[in-house]
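Engineer: Below are the chains, spelled out letter by letter.
There are 2 protein chains.
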Amino acid sequence: MAEEHTIQVELASERKPKPNEDGLGFGRHFTDHMFIMDYTEGKGWHDPRIVPYQPLSLDPSCMIFHYGQSVFEGLKAYRTEDDRILLFRPTQNFQRLNRSNDRMCIPAVDEDLALEALKQLVAVDKEWVPSAEGTSLYIRPFIISTEPFLGVAPAHNYKFIIIMSPVGSYYAEGIKPVKILVENKFVRAVAGGTGEAKTGGNYASSLKAQEVADEKKYSQVLWLDGVEKKYIEEVGSMNVFFKINGEIVTPALNGSILDGITRKSTIEMLKHWGMKVTERRVSMEEIYEASQSGQLEESFGTGTAAVISPIGEFLWEDRKIVVNNGEIGSTAKKLYDTITGIQRGAEPDPFNWVVEVEEQSVPVK
Amino acid sequence: MAEEHTIQVELASERKPKPNEDGLGFGRHFTDHMFIMDYTEGKGWHDPRIVPYQPLSLDPSCMIFHYGQSVFEGLKAYRTEDDRILLFRPTQNFQRLNRSNDRMCIPAVDEDLALEALKQLVAVDKEWVPSAEGTSLYIRPFIISTEPFLGVAPAHNYKFIIIMSPVGSYYAEGIKPVKILVENKFVRAVAGGTGEAKTGGNYASSLKAQEVADEKKYSQVLWLDGVEKKYIEEVGSMNVFFKINGEIVTPALNGSILDGITRKSTIEMLKHWGMKVTERRVSMEEIYEASQSGQLEESFGTGTAAVISPIGEFLWEDRKIVVNNGEIGSTAKKLYDTITGIQRGAEPDPFNWVVEVEEQSVPVK
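In the order they appear, the protein sequences are chains V and F.
Residues in the first sequence are numbered from 1 upward in steps of one, following the working numbering.
Residues in the second sequence are numbered from 366 upward in steps of one, following the working numbering.
Simulated from the structure, these hints should not be mistaken for laboratory data.
Every residue gets a Cβ at the ideal spot worked out from N, C-alpha and C, and that includes glycine.
Some hints here could point you the wrong way.
Unchecked claim - With the C-beta cut set under 7 Å, the calculated list includes, among others, these residues of chain V facing chain F:
1) D59
2) S61
3) R140
4) I144
5) F186
6) V187
7) V190
8) G193
9) T194
10) K208
11) N245
Could you put the whole structure together from the sequences, leaning on the hints where they help?
Structural biologist: This is the structure in structure tokens:
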């Protein structure tokens, strides 16, 4: 690694008390350290460093506050029974980060450096990786445009930051099947837009529909395509799968659907088990008809936060589609057990998905 | 005004040197003070205050950095020949801010308080309002979600901020007609999305297309509808107008087009002059045909930054549409002269558009 890419480490002089593992929630507590690297046009990405977790001091004219040029990623570190720490497919995250960067006109980061930074950061804060059932250390790499300039153009300055949060289960209800509202009015993304990028605007635009779902006591919304409002795209923070007459079906990546890493892992695992998996266009009408004819056997969402989240019901206009009597299906259960087992080092890892954070990654103080 | 809404003022102990009015550019220099008000769930908006212009200190987990929940506005203050300071239709901006807030699940602000804050801030920094031809004080009210939480949900904490920047002409070329690239691949917004809201994500998603336009030496892109890519929506940072066979035509507001204040003022002024103005769906094919038959007389954009910006050429796929021989048309010229004249207090103001910043608005120190 070149000289300018040596990661400097400044350790916190005091460590924060760690929250009780029973009540972690999601995204509320943060570890003692963070990673930062700056980008300056002409100089590139520079000064990678691990520093005590601290506020950012930014001019109020910084472009992130006005024009939303930003990207992020999400992944998790897990503690194994024998006290090792594992990351789940982290290179996939940094590859996707760079795809998001390209769409949002943000300069690419060195994926190897990012992974090395992540490993060192986790090693420094390894005591923050919780061990209780269902818990993990959620890792949030993100990039924000920091140039102090009011004008619509790609920024000349950015910060790449990684923060980490010990988390419990994403869904308060745990693995219990969730109820999903099919959204007919609001649109998340359209071909030619930014749906495939993990960028803030996609999430900001989803809030209004989620508010309606909350009022109706549904957990999340299912997004339909923005053109015809017929074809299924994804669920709030997850990709979505259906089991129809023994076959697994999921919407094909079309430019407006997030290319989920748990989605990809699910497809690979199902194929490994010899199941038929088809990525194609899926209409809501088809799901309704499969439900009416008794062929809709299961539905579930996939995502880093929840891993596998069984879906027990869809509300589509005035039609209620109950899936598998509102209970978790065998495929979702087996996927959840297998993937979370691999993540925790408790199951064989046939695809070499996990990356261990080695003790020697801890930088010498 | 209620006690808790009294605007506190802390003046800067030192004033910055003011930039030369010849080389202001746009959005690069900021005044000595800013306005801030906080929102806390359960307490509402509170602690409105004018303070020295200063960096924001924000936790790296603040939602604005991750999920893009934000809105903004843009308006200008002008210095008249006789040294008065005028705002152009500021109540329109705060009404639109609240419409954007509604779409983005951000709590509404008190529009009267916002206007009072704006007037006081301009009064405090009135020496920053430039006087040279084409210059003004650009005002940027914005709201960002500040809750330190990694989860996709409306935030419980926000900051409403106003910053101000003395600016020259938005376009480096001045009033010279611009060349516009019609965008066929990327999409800015779609019905059911956030196109009508002034929110960061809309601007972030536009950068990639703008990059392509820059490479081809076009100033901005013209966005087509996201569904059929046939109908005209708006130009990069402006609404768009056409004069076809003596009639003025502009795309009707459809939920994905920004409800521009200069657009509205242009329509009102044209009608006041007795011209026929139609807001309706306009296809690119129609514009091309009008051009071919010699009926396309003018085209221009409207926006706060540029006010009126004549368009001299469109490139639509491989078809080049030259408008009015690439010269400014009489309607655009008359609109520009009249609206900028009203803004600077040099022309009669038949609609009471301008609001004077009174000397007594300066708070007692």
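Engineer: Identify whether the interface hint at R140(V) stands, where standing means a beta carbon of chain F within less than 7 Å of its own.
Structural biologist: holds, 6 Å
Engineer: Identify whether the interface hint at K208(V) stands, where standing means a beta carbon of chain F within less than 7 Å of its own.
Structural biologist: holds, 6 Å
Engineer: Should the hint that T194(V) touches chain F count as held when the rule is a Cβ pair under 7 Å?
Structural biologist: holds, 5 Å
Engineer: Can the hint on I144(V) be confirmed by a CB-to-CB distance to chain F that is less than 7 Å?
Structural biologist: This hint holds: I144(V) lies near chain F, its Cβ roughly 5 Å from the closest one there, short of 7 Å.
Engineer: Can you verify the interface hint for S61(V): is its Cβ closer than 7 Å to any Cβ in chain F?
Structural biologist: holds, 6 Å
Engineer: Holds or violated: is the Cβ of G193(V) closer than 7 Å to a Cβ in chain F?
Structural biologist: holds, 5 Å
Engineer: Grab the minimum C-beta distance from N245(V) to chain F and call the hint holds if it beats 7 Å, violated otherwise.
Structural biologist: Hint violated; N245(V) Cβ to chain F Cβ min 32 Å, cut 7 Å.
Engineer: Minimum Cβ distance from V190(V) to chain F below 7 Å?
Structural biologist: Since chain F brings a Cβ to about 4 Å from V190(V), closer than 7 Å, the hint holds.
Engineer: Given a cut of 7 Å on the nearest C-beta pair, is the interface hint for D59(V) held or broken against chain F?
Structural biologist: At 5 Å from the nearest chain F Cβ, D59(V) passes the 7 Å test, so the hint holds.
Engineer: Going by Cβ atoms only, is V187(V) closer than 7 Å to chain F?
Structural biologist: Status holds, d = 3 Å.
Engineer: Does the nearest C-beta of chain F fall within a distance shorter than 7 Å of the C-beta of F186(V)?
Structural biologist: Hint holds; F186(V) Cβ to chain F Cβ min 5 Å, cut 7 Å.
Violation of the numbered hints given earlier is confined to hint 11; every other hint is satisfied by the structure.
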